[in-house]
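Student: Using the sequences plus the hints, can you model the full thing?
Those protein sequence lines, which keep their order, are chains A and B.
If you're matching positions, the first sequence starts at 21 in the working numbering and goes up one per residue.
If you're matching positions, the second sequence starts at 71 in the working numbering and goes up one per residue.
Mixed in with the good hints there might be a few duds.
Stated by the list, open to error - With a cut-off of at most 16 Å between alpha-carbon atoms, the simulated EDC-like pairs for lysine to aspartate or glutamate come out as follows:
#: 1; chain 1: B; residue 1: Lys-325; chain 2: A; residue 2: Glu-435
#: 2; chain 1: B; residue 1: Lys-405; chain 2: B; residue 2: Asp-128
#: 3; chain 1: A; residue 1: Lys-343; chain 2: B; residue 2: Glu-111
#: 4; chain 1: B; residue 1: Lys-325; chain 2: A; residue 2: Asp-179
#: 5; chain 1: A; residue 1: Lys-278; chain 2: A; residue 2: Asp-458
#: 6; chain 1: A; residue 1: Lys-278; chain 2: B; residue 2: Glu-146
#: 7; chain 1: A; residue 1: Lys-290; chain 2: A; residue 2: Glu-435
#: 8; chain 1: A; residue 1: Lys-290; chain 2: A; residue 2: Asp-327
#: 9; chain 1: A; residue 1: Lys-290; chain 2: A; residue 2: Asp-333
#: 10; chain 1: B; residue 1: Lys-325; chain 2: B; residue 2: Asp-487
#: 11; chain 1: B; residue 1: Lys-292; chain 2: B; residue 2: Asp-255
#: 12; chain 1: B; residue 1: Lys-292; chain 2: B; residue 2: Glu-439
#: 13; chain 1: A; residue 1: Lys-278; chain 2: B; residue 2: Glu-251
#: 14; chain 1: B; residue 1: Lys-292; chain 2: A; residue 2: Asp-186
#: 15; chain 1: A; residue 1: Lys-343; chain 2: A; residue 2: Glu-134
#: 16; chain 1: B; residue 1: Lys-86; chain 2: B; residue 2: Glu-117
#: 17; chain 1: A; residue 1: Lys-290; chain 2: A; residue 2: Glu-328
#: 18; chain 1: A; residue 1: Lys-278; chain 2: B; residue 2: Asp-107
#: 19; chain 1: B; residue 1: Lys-86; chain 2: B; residue 2: Glu-146
#: 20; chain 1: B; residue 1: Lys-292; chain 2: A; residue 2: Glu-249
#: 21; chain 1: A; residue 1: Lys-49; chain 2: A; residue 2: Asp-89
#: 22; chain 1: B; residue 1: Lys-86; chain 2: B; residue 2: Asp-153
#: 23; chain 1: A; residue 1: Lys-138; chain 2: A; residue 2: Glu-218
#: 24; chain 1: B; residue 1: Lys-292; chain 2: B; residue 2: Glu-470
#: 25; chain 1: A; residue 1: Lys-49; chain 2: A; residue 2: Glu-184
#: 26; chain 1: A; residue 1: Lys-138; chain 2: B; residue 2: Asp-153
#: 27; chain 1: A; residue 1: Lys-49; chain 2: A; residue 2: Glu-134
#: 28; chain 1: A; residue 1: Lys-49; chain 2: A; residue 2: Glu-249
#: 29; chain 1: A; residue 1: Lys-278; chain 2: B; residue 2: Glu-111
Claimed, not checked - Short derived list, chain A residues pointing at chain B, Cβ under 10 Å:
#: 30; residue: Ser-163
#: 31; residue: Ala-401
#: 32; residue: Thr-421
Simulated from the structure, these hints should not be mistaken for lab results.
C-beta atoms are modelled at their ideal positions from N, C-alpha and C, and glycine is treated no differently.
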Amino acid sequence: MLDHELVNQTLTVAMSTGGEFAEVFIEDKRSTSALFDDGRVEELTSGRDRGAGIRVVVGGSTGFAHTADLSEAGLTHAARAAAAAARGAGGSGRAVVVSPVDVPRDPPVRIAPEDVAKAGKVELLSLADAAARSEGPSISQVSARYGDSRRRILVANSDGLLAEDDQVRTLFSVSCVATGDTGLQTGRESVGRTIGFELFDQTDVGDLARRAARRAITKLRARPAPSGEMPVVVGPGGGGVLFHEACGHGLEADLVAKSASVFAGRVGEKVASHLVTLMDDGTMSGEWGHFTIDDEGHPAGQNVLIDEGVLTDYMWDRLRSRKQGRTSSGNGRRQSYQHLPMVRMTNTYIVNGADDPAEIVATTESGVYVAQLGGGQVNTATGDFVFGMTEAYLIENGEITEPIREGNLVGNGPEVLTRIDALGDDFAMGSPGMCGKDGQGVPVGDGTPTLRVTSLTVGGTAA
Amino acid sequence: MPELLETARRVAGWAKGGEQVEVFIVRERNTEVRAYDGEVESLTASESHGIGVRVVSDSRQGYAYAGALDESLLAETLAEARDNAAFAQPDEFNGVAVADGVTLADVDLFRSDLADLSTDDKVAFAIELERATLAADRRIVGIESAEFVDMIYESAVATSSGIASSARETGCYLSTHALAEADGDTQTGFGFSVGRSPTDLDVAIAAGDAAVRATRLLGAVKAPTSRLTVVLDPWVTAQLLGIIGHTLTGEAVLKGRSLFAERMGEDVASMSITLVDDPTDPAAFTASTVDGEGLATRPTTLIDGGILSAFLHNSYSGRRSGTASTGSAVRPGFKGAPSVGARALRIVPGARDPADLIAEVDNGLLVQEVSGLHSGVNPVSGDFSTGAEGVMIRGGELAEAIREVTIASTLQRLLHDVVAVGNDLEWLPMNAAGTTLVVADITMSGS
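Tutor: This is the structure we're talking about:
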């Protein structure tokens, strides 16, 4: 992507004021999105983002600057700005020579998005619209979105590392509005993978659209959600968001280092039910949160965070692992070359259990069954978190009965982890997510089998 | 800035016959300084610019952008947008904006003292903010973040229909997140100070707010489920207004995604609610004299004494609704075509002091923070359920702190259930201002 001599030169400038560590991150990203809404293909957008982010570390301070100008002059200017921002103690600096490291590479995608005619992408959207509307006249609005991106990155640092990656992601989503006597309701489905256009050999967008439509229609007869503490069963795939919020963020080493996590200082302790083995795995080929190297050039890891209920490790990036004298876990990620990397999740999942999912529901006297979760949010310092239910039902006498309206559930991470008393054998990955932290969004995946929490607070309006 | 407008006009001038072209160019400079342990944790100096081009041809719309302004990219971006338009389906209302004779508000949103502020002074702000937060209360044991952020923003819009507008704004804020601890319990609280110039920033206010918010939650317990009155902190109200603003756009109405679609002229809120979007208000952090399509921004009263009185429009939704743009085109930076949105929402303040309003609540919850607004509030159906923390109000006095509960209603009901509006008005780094609201009959779910 960039001449190695120019990389050496840029890093040498970055280190010239006495920096301890310098890094240059080059990104070239092309993306396409197409939106179908209100009965027609509304718009196609294509974009190009290309630039370099340069950071310099001195002691506890990081200086960072970025530029869209990849010429020698542009890179030198940014390297000087980053070095000045890090406020190096001065000194002579040293020359940097990088050499490519051997990193795992994914096989090339089967169908590169840029090789697919725009008409082929647009056609999927009309298909989805027609399929959604075929579910019935109550479907009053449909929007469908297609998106692809190809992100090439190069990371080089003053330790001599140089690594490159080529990441292709493809995404498709459908949102429906149903109109009935009770007003408007919505249903959404999405699929996203770190692969090319072959996604649509595996995924029937018509099926996806019909599921979204049925979800909206079902909710037209939803009754107000109950309020108060009760058992909650979460269906396969969906529960990943729960763990992402209940403990995922709290296991990020940057928050732990500032004591802004309830899980700080608890490695080796039992923090969850023995049923819970929690992984964060960036190596899961094809999954939405997958990559071969992270945005610091470190290979993706397969990291066990909780092993049968015992906290085994946090997630690490370069800065925090270096302070601890250990290696990164491959969790250093950033939204773009305009952002500093920090500790982020990849694909976070709970290892499959042994219980029969039907039995889990049947043995729940009364409670709530959540078939699809929305997003969530957590305060890592207190552990209190929420997550939304976008398709949920009452459980009455061990049976799934009436649909209920949308709302949040609230719980405390460390408490909820100990209250998981059943884990199904029906593991599935959930929908593609965008995880936000400090204003940066990165693609993340998650997965779980069916599971039951003995008590969670459901935030409805009904008594 | 003249060169941004010059470039935008030049590219718009490349429109072919029968084709409409709109060019948006932005240049932004940002600094973010984070302090930790009395030192700079990170200092980010950003300079970015980009171009977004919209082409409308045969009533079809295409868009393309590039995060750089190289001469070769300008032509490539226009060509790509033109190509994209060929794949969209026609809509007779598509088109760029046409000048409507409204003149730009005479307000100055640019402060040269921010543009001239030295890096050392920015660092000093962040370090002093961390120090003041830690010193504000002995129970403050740490911080999650203490930062100074500034931005200098310049933009230009030019169209083949003759629009040529430019704007520049400065903004800065201090933001601190405190960790408080007592008797083994940890709680967090944030504080802000926002402005256009460094002289607007007040370290003591940001630090003091963070300390009060964090320490008053110490010892918080879960409350039993009940129906009660809630008092929404200005910060919570501002976030709520952001969501309501969405439902009041012409785009949401036309596409059948607004719960207010058929309600024009009807009672949609308590009489005490008058909701205004006024991007020309220089006090608003997000104020701008020019909208995303190059038209002058202007004030719009959306709800007047509880009666729904207007929707916001860009040129597309205005044309399609048989009315006109309200200068409310907003853009997601240069990476997307203009949509419709509020820029500076506020509820016209009432007459009463927030403290007096609290004193009148017999059994209620002062809601200091809500969470999961994106996951538990559906602006299409109106379902409203969020995580909440705050302080109980008993007999008009603040009582025990509460955590891990939700508050729920519907947006429709919630607006009608507002029983009082405070006389406070606080602008935040978002598209709405906060005002204390008292809302009756909310379900609080807890133990």
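Student: If a hint holds in the structure, say so; if it doesn't, say that too.
Tutor: Here is how each hint holds up against the structure:
1. Distance hint between Lys-325(B) and Glu-435(A) is unfulfilled; the C-alpha atoms sit about 43 Å from each other, more than 16 Å.
2. Restraint check for Lys-405(B) and Asp-128(B): the C-alpha separation of about 23 Å exceeds 16 Å, so the hint is violated.
3. Simply put, Lys-343(A) and Glu-111(B) have alpha-carbon atoms about 14 Å apart, close enough for the 16 Å limit, and the pair holds.
4. With a CA separation close to 54 Å, the supplied pair Lys-325(B) and Asp-179(A) exceeds the 16 Å bound.
5. Proximity of Lys-278(A) to Asp-458(A) is assessed by CA-CA distance (about 15 Å); at most 16 Å being required, the pair is judged to hold.
6. For the suggested pair Lys-278(A) and Glu-146(B), the alpha carbons sit about 47 Å apart, so the restraint of at most 16 Å is broken.
7. Only pairs whose Cα atoms come within 16 Å are accepted, and Lys-290(A) paired with Glu-435(A) is accepted, the gap being roughly 12 Å.
8. With a C-alpha separation of about 9 Å, the suggested pair Lys-290(A) and Asp-327(A) falls inside the 16 Å cut-off, and the hint holds.
9. A distance of roughly 12 Å separates the Cα atoms of Lys-290(A) and Asp-333(A); the hinted pair therefore holds under the 16 Å criterion.
10. Restraint check: the Cα-Cα separation between Lys-325(B) and Asp-487(B) comes to about 28 Å, which exceeds 16 Å; the hinted pair is violated.
11. Between Lys-292(B) and Asp-255(B) the alpha-carbon distance is near 13 Å, which keeps this suggested pair within the 16 Å criterion.
12. Using a Cα cut-off of 16 Å, the hinted pair Lys-292(B) and Glu-439(B) holds, with the two alpha carbons roughly 15 Å apart.
13. Our distance criterion of 16 Å between C-alpha atoms is met by Lys-278(A) and Glu-251(B), whose separation comes to about 14 Å.
14. For the suggested pair Lys-292(B) and Asp-186(A), the alpha carbons sit about 48 Å apart, so the restraint of at most 16 Å is broken.
15. Using a Cα cut-off of 16 Å, the hinted pair Lys-343(A) and Glu-134(A) is violated, with the two alpha carbons roughly 42 Å apart.
16. For the hint pairing Lys-86(B) with Glu-117(B), the CA-to-CA distance comes to about 33 Å; that exceeds 16 Å, so the pair is violated.
17. Distance hint between Lys-290(A) and Glu-328(A) is fulfilled; the C-alpha atoms sit about 9 Å from each other, no more than 16 Å.
18. For the proposed pair Lys-278(A) and Asp-107(B), the alpha carbon gap of about 10 Å is at most 16 Å, so the pair holds.
19. Pair hint Lys-86(B) plus Glu-146(B) holds up; C-alpha atoms about 15 Å apart against a cutoff of 16 Å.
20. Restraint check: the Cα-Cα separation between Lys-292(B) and Glu-249(A) comes to about 11 Å, which is no more than 16 Å; the hinted pair holds.
21. The hinted pair formed by Lys-49(A) and Asp-89(A) meets the criterion: a straight-line CA distance of about 14 Å does not exceed 16 Å.
22. A threshold of 16 Å between alpha carbons decides the hint, and for Lys-86(B) with Asp-153(B) the separation of about 13 Å falls inside it, so the pair holds.
23. Between the alpha carbons of Lys-138(A) and Glu-218(A) the distance comes to roughly 15 Å, so the proposed pair stays at or under 16 Å and holds.
24. Distance hint between Lys-292(B) and Glu-470(B) is fulfilled; the C-alpha atoms sit about 10 Å from each other, no more than 16 Å.
25. Taking the CA atoms of Lys-49(A) and Glu-184(A), the gap is near 13 Å; set against the 16 Å cutoff, the hint holds.
26. Distance check on the hinted pair: Lys-138(A) and Asp-153(B) sit about 9 Å apart at the alpha-carbon level, within 16 Å; holds.
27. The straight-line distance between the Cα atoms of Lys-49(A) and Glu-134(A) is roughly 12 Å, inside the 16 Å bound, and the hint therefore holds.
28. As the CA atoms of Lys-49(A) and Glu-249(A) are separated by approximately 46 Å, the hinted pair breaks the 16 Å bound.
29. Pair hint Lys-278(A) plus Glu-111(B) holds up; C-alpha atoms about 12 Å apart against a cutoff of 16 Å.
30. Contact between Ser-163(A) and chain B, as hinted, is supported at the beta carbon level, the nearest pair being about 8 Å apart and thus within 10 Å.
31. A distance limit of 10 Å between C-beta atoms decides the matter here; for Ala-401(A) the minimum to chain B is near 5 Å, and the interface restraint holds.
32. Hint on Thr-421(A) is violated. Least Cβ distance to chain B is approximately 19 Å, over the 10 Å limit.
Hint compliance for this structure: hints 1, 2, 4, 6, 10, 14, 15, 16, 28, 32 are not met, and every other hint is.
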